[in-house]
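Below, each chain spelled out in residue letters.
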Amino acid sequence: MLQVENLSKRFGDRIAVNAISFAIAAGETVGLLGPNGAGKTTTIAMICGIARPDGGQVSLGGVRVAQDASELKRRVGLVPQDLALYDELSAWANLQLFGGLYGLRATELQQRADDALALVGLAGRRNERVKTFSGGMKRRLNIAGALLHDPDLILLDEPTVGIDPQSRNAIFDNLEELKRRGKTLLYTTHYMEEAERLCDRVLILDHGQILADDSVAHLIREYDNLESAFMRLTGRALRDGAEA
Amino acid sequence: MNTTAILALVRTDVRLYFADRRAVVVGVLVPILIAAFFGYVFGGNGNAKDAGKIPIAVVDEDQSNVSRAIVADLAADKLLQVSTLKREAARDSVKTGKQNAAAVIPKGFGERTTKALFTGLDKPQVELLVDPSQTTGARVVEGLLAQYSMQEISREAFTGASGRKAIDDSLATLEKEEPTTTRADLKTLLHAARKLNEELDANTGAPGASPQRGFGLSIPYTVAPTEVTARDNTPYNGYAHSFAGMTVQFVLFAGIDAGVLLLLTRQRGIWQRLRSAPLRRSDFMLARALATTLISLFQFTLIYLAAAAVFNVRIEGSWPGFIGVGIAFCLLNAAFGLMLATLGRSAATTRGFASMATLLLVMIGGAWVPAFVFPRWLQSASLYVPTRWAVDGLDGATWRGLPFSSAVAPIIVLIGSAAVCLTVAIWRFRWEE
Chain S
1 MLQVENLSKR FGDRIAVNAI SFAIAAGETV GLLGPNGAGK TTTIAMICGI ARPDGGQVSL
61 GGVRVAQDAS ELKRRVGLVP QDLALYDELS AWANLQLFGG LYGLRATELQ QRADDALALV
121 GLAGRRNERV KTFSGGMKRR LNIAGALLHD PDLILLDEPT VGIDPQSRNA IFDNLEELKR
181 RGKTLLYTTH YMEEAERLCD RVLILDHGQI LADDSVAHLI REYDNLESAF MRLTGRALRD
241 GAEA
Chain F
1 MNTTAILALV RTDVRLYFAD RRAVVVGVLV PILIAAFFGY VFGGNGNAKD AGKIPIAVVD
61 EDQSNVSRAI VADLAADKLL QVSTLKREAA RDSVKTGKQN AAAVIPKGFG ERTTKALFTG
121 LDKPQVELLV DPSQTTGARV VEGLLAQYSM QEISREAFTG ASGRKAIDDS LATLEKEEPT
181 TTRADLKTLL HAARKLNEEL DANTGAPGAS PQRGFGLSIP YTVAPTEVTA RDNTPYNGYA
241 HSFAGMTVQF VLFAGIDAGV LLLLTRQRGI WQRLRSAPLR RSDFMLARAL ATTLISLFQF
301 TLIYLAAAAV FNVRIEGSWP GFIGVGIAFC LLNAAFGLML ATLGRSAATT RGFASMATLL
361 LVMIGGAWVP AFVFPRWLQS ASLYVPTRWA VDGLDGATWR GLPFSSAVAP IIVLIGSAAV
421 CLTVAIWRFR WEE
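Protein chains in written order, with the working numbering: chain S, 1 to 244; chain F, 1 to 433.
Just so you know, these hints were derived from the structure itself, not from any lab.
You may find that some hints are simply not true.
Which chain S residues face chain F? A few, computed with CB under 8 angstroms, are given here [what the hints assert, rightly or not]: (1) Ser70; (2) Pro80; (3) Gln96.
Backbone N, C-alpha and C define an ideal beta-carbon position, used for all residues, glycine too.
Take these sequences, add in the hints, and give me the full structure.
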């Protein structure tokens with residue numbers, strides 16, 4: 001479904017993503033793992049059309065991003081790492097905006113928003129302002145915002161950052177439900193146990209390059225667990241560079 | 001054009017504006033309060049009794065008929081608000097800014113001035129204590145003091161008790177001196193004055209019993225000031241100008257807020273959400289401009305509704321002109337906000353810089369005080385500032401009562417300025433990362 005070929009991006013002298021290639025099949029859940037500054041967010045940004053690649057190409061269902069970014073964007077849902085919500089507005093008003101951006105109107109928008117809120121367990125809070133929500137509720141609403149237009153591919157950029165285990169568990173439940181519905185998920189995280197629980201396959205990225213592209217089961221067989229695989233492949237040196 | 005997305009963005013911006021109710025109240029209430037203050041200071045709606053009067057103190061150390069009459073004349077003048085004080089109190093009140101000036105009428109003023117009128121000798125000195133920051137008011141006081149002094153001194157000199165004594169003394173002196181042509185003429189004048197006094201006494205019964213204090217020299221014409229406003233008998237409403245000015249200022253502040261909101265949006269996750277949606281750059285910019293225009297129009301309308309309901313500000317001129325200037329200004333404000341968002345780097349510095357620029361624009365544009373009080377060069381310079389045209393356009397449609405044709409130039413200038421701001425915004429707007 002998603003084809004990434006020789007994708008590259010540089011910021012000045014720094015190479016953020018260095019000619020990476022991978023593919024994701026429809027219905028597959030893939031973890032994109034890597035330390036800070038590895039190039040995960042930049043890769044996500046290029047896949048969803050926010051950032052323009054310096055080289056290579058992204059295609060979804062055979063359609064290249066450069067050819068028809070608008071069509072590709074309609075098939076992709078992004079859950080950004082930073083909360084993409086207006087705190088001052090209600091959950092419903094936020095979803096009304098996100099649905100409107102994809103051309104959803106009145107009844108259809110209402111139905112999709114209700115479904116998304118129900119999926120993330122916020123149906124009863126739809127008219128409350130987001131600023132009254134807990135961190136976990138905001139993270140779940142952040143996910144709901146990416147589902148309104150019923151995308152085939154959902155890009156989740158560290159969707160569980162800074163929340164308690166209960167909220168994280170609730171988000172896992174949401175994502176597993178999306179898997180059951182046949183959605184394709186590309187998931188970036190620092191938490192190996194999340195990848196182990198959720199992903200069929202992981203890509204380990206560092207310094208803009210893919211160090212491993214394998215099934216979770218195979219990596220665990222080879223390195224005992226994902227944590228060991230990650231540390232062995234990326235090393236123990238601290239990464240103080242900013243996330244690219 | 002993705003109209004659904006544009007509408008969603010506009011609706012969200014309007015919701016965000018109204019979500020902060022305190023900001024909405026402040027954005028409407030503060031301009032009303034400041035406009036009310038400025039309007040009152042600059043004459044109110046023409047009904048305020050003491051509005052615009054120059055506060056002065058008078059120290060009457062003479063307490064003669066002449067000095068008392070001068071004080072009474074000054075107190076009756078509609079331009080002045082007179083307080084009668086002792087010398088030290090008067091000096092203090094000028095020093096502390098309570099009075100613009102204080103006139104000290106010295107002892108012996110009445111007697112010496114009536115003599116000096118004929119002889120030109122031994123003129124007493126009236127001390128005028130002036131607040132140096134209020135020189136215009138002091139000059140008005142000086143002129144009125146001269147006018148009333150001349151009137152009362154001449155009245156006393158020709159028909160008052162000390163004047164009669166001065167006539168008698170002068171005639172006695174002239175009788176003793178060598179006759180000359182000039183002295184003969186002066187004797188004739190003084191005899192005529194004495195005869196006039198005798199006739200006045202005959203008419204009223206007894207010397208000095210006249211209820212009228214006789215006549216004095218006065219300005220041989222009267223002035224009938226007519227306020228040239230929208231219509232005859234329609235008084236100038238100072239609130240009309242102050243509301244124009246404050247509306248312009250605070251709507252521009254709303255434009256700054258819109259620009260800053262856009263900058264803040266860029267720094268939040270919401271920006272990635274917007275960028276990942278099938279939304280074109282032009283649709284996004286159009287939505288922002290539309291939302292800011294609507295918010296500006298809302299603010300504009302509410303402020304003018306208050307002006308009409310409470311301060312009697314009326315559209316005395318062209319309604320289409322008023323609406324046209326209002327819409328053109330709100331469009332300019334939207335483009336101004338967009339331009340700020342594209343030129344600014346951080347929200348805080350952009351807000352600071354833009355607020356300073358806005359205050360300068362509104363000051364030079366005559367939003368605080370009418371541009372006609374500016375020096376000539378500044379009046380000319382202010383024509384290059386769009387706020388001047390906005391204020392003039394609104395003034396023209398309100399208290400000046402001008403027709404639509406007078407609003408055309410302001411509308412063109414405002415829309416032209418909006419086009420310039422929009423061009424800069426389009427040129428500088430970063431959509432791609």
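Hints, one by one, checked against the model:
1. Ser70: Status holds, d = 4 angstroms.
2. Pro80: holds, 4 angstroms
3. Gln96: holds, 7 angstroms
The structure shown violates none of the earlier numbered hints.
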